[in-house]
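**Student:** To convert, note that position 18 of the sequence shown is 18 in our numbering; the numbers rise steadily by one, no gaps.
Because the hints were derived from the structure by calculation, they are not lab data. Where hints are given, some of them may not hold.
Pair ranges (Cβ atoms, derived) [said to hold, decoys possible]:
1) Cys43 to Glu64: 23 to 31 Å
2) Ser41 to Ala61: 31 to 39 Å
3) Ser21 to Ala77: 16 to 24 Å
4) Ser41 to Glu11: 18 to 26 Å
5) Cys25 to Asp50: 13 to 21 Å
6) Lys63 to Asp26: 32 to 40 Å
7) Gly67 to Gln19: 24 to 32 Å
8) Trp58 to Thr27: 29 to 37 Å
9) Val78 to Pro17: 16 to 24 Å
10) Cys25 to Val68: 19 to 27 Å
11) Lys52 to Glu30: 16 to 24 Å
12) Asn14 to Met75: 15 to 23 Å
Below are the DSS-like pairs computed for lysine-lysine, each with C-alpha atoms no more than 25 Å apart in a straight line [unchecked claim]:
13) Lys63 to Lys52
14) Lys45 to Lys79
15) Lys45 to Lys63
16) Lys70 to Lys45
17) Lys63 to Lys79
18) Lys52 to Lys79
No residue lacks a Cβ here, since even glycine has one placed at the ideal position from N, Cα and C.
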Amino acid sequence: MLKEGCPGSLEIRNPFPEQISCLWCDTVNEIWTDEVEIACSGCGKAISRDMKPTCLEWCPAAKECVGVEKYERLMRAVKK
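Please model the complete structure; the sequences and the hints are all you need to start from.
**Tutor:** Right, here's the structure in full:
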(Lines of atoms letter the chains of each structure in order from A; the text may use other names.)
(Lines give C-alpha, C1' and ligand atoms only; values in the text may rest on other atoms or scores of the structure.)
Protein backbone atom coordinates (compact mmCIF):
# COMPACT_ATOMS: atom_id res chain seq x y z
CA MET A 1 0.00 0.00 0.00
CA LEU A 2 1.37 3.39 -0.98
CA LYS A 3 1.54 6.22 1.48
CA GLU A 4 -0.09 9.53 0.63
CA GLY A 5 3.34 11.10 0.11
CA CYS A 6 4.49 14.64 -0.35
CA PRO A 7 3.50 17.09 -3.10
CA GLY A 8 6.91 16.61 -4.74
CA SER A 9 6.10 13.01 -5.61
CA LEU A 10 2.63 13.74 -7.01
CA GLU A 11 3.82 13.61 -10.65
CA ILE A 12 5.44 10.23 -10.01
CA ARG A 13 2.56 8.72 -8.06
CA ASN A 14 -0.09 10.09 -10.46
CA PRO A 15 1.57 10.16 -13.89
CA PHE A 16 0.11 11.99 -16.85
CA PRO A 17 0.92 11.86 -20.58
CA GLU A 18 3.28 14.25 -22.34
CA GLN A 19 4.21 14.62 -26.00
CA ILE A 20 7.74 13.88 -27.21
CA SER A 21 9.02 14.05 -30.79
CA CYS A 22 11.32 11.39 -32.17
CA LEU A 23 14.76 12.75 -33.06
CA TRP A 24 15.04 10.37 -36.04
CA CYS A 25 11.64 10.52 -37.76
CA ASP A 26 9.92 13.47 -36.03
CA THR A 27 6.86 11.37 -35.08
CA VAL A 28 5.07 12.75 -32.02
CA ASN A 29 4.76 10.09 -29.32
CA GLU A 30 3.06 9.90 -25.96
CA ILE A 31 5.27 9.32 -22.93
CA TRP A 32 4.05 9.28 -19.35
CA THR A 33 5.73 11.37 -16.67
CA ASP A 34 6.84 8.20 -14.85
CA GLU A 35 8.48 6.76 -17.99
CA VAL A 36 12.01 7.45 -19.11
CA GLU A 37 12.23 5.67 -22.45
CA ILE A 38 9.75 4.38 -25.04
CA ALA A 39 9.91 2.93 -28.55
CA CYS A 40 8.90 5.42 -31.24
CA SER A 41 5.57 4.53 -32.83
CA GLY A 42 6.92 5.71 -36.19
CA CYS A 43 10.36 4.12 -36.53
CA GLY A 44 10.65 1.89 -33.47
CA LYS A 45 13.86 3.48 -32.18
CA ALA A 46 14.23 4.15 -28.47
CA ILE A 47 13.49 7.73 -27.48
CA SER A 48 13.78 9.17 -24.01
CA ARG A 49 12.97 12.31 -22.16
CA ASP A 50 15.21 14.20 -19.80
CA MET A 51 14.62 13.25 -16.20
CA LYS A 52 14.41 16.32 -14.05
CA PRO A 53 15.63 16.04 -10.46
CA THR A 54 13.08 14.54 -8.10
CA CYS A 55 12.74 13.89 -4.40
CA LEU A 56 13.49 10.22 -5.13
CA GLU A 57 17.17 11.11 -5.16
CA TRP A 58 17.34 12.45 -1.61
CA CYS A 59 14.22 11.56 0.38
CA PRO A 60 14.66 8.64 2.82
CA ALA A 61 10.96 7.73 2.45
CA ALA A 62 10.93 7.80 -1.39
CA LYS A 63 10.78 4.04 -1.88
CA GLU A 64 7.74 3.69 0.38
CA CYS A 65 6.13 6.83 -1.05
CA VAL A 66 6.07 5.82 -4.73
CA GLY A 67 6.42 2.04 -4.42
CA VAL A 68 9.48 -0.19 -4.70
CA GLU A 69 9.07 -1.16 -8.38
CA LYS A 70 8.61 2.42 -9.64
CA TYR A 71 11.38 3.72 -7.35
CA GLU A 72 13.91 1.17 -8.60
CA ARG A 73 12.97 1.69 -12.28
CA LEU A 74 13.31 5.47 -12.05
CA MET A 75 16.52 5.37 -10.03
CA ARG A 76 18.12 3.11 -12.68
CA ALA A 77 17.29 5.78 -15.25
CA VAL A 78 18.70 8.57 -13.09
CA LYS A 79 22.00 6.69 -12.71
CA LYS A 80 22.44 6.32 -16.50
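**Student:** Taking the numbered hints from earlier one at a time, note which ones the structure violates and give those numbers from smallest to largest.
**Tutor:** Hints 1, 10 and 15 contradicted; others consistent.
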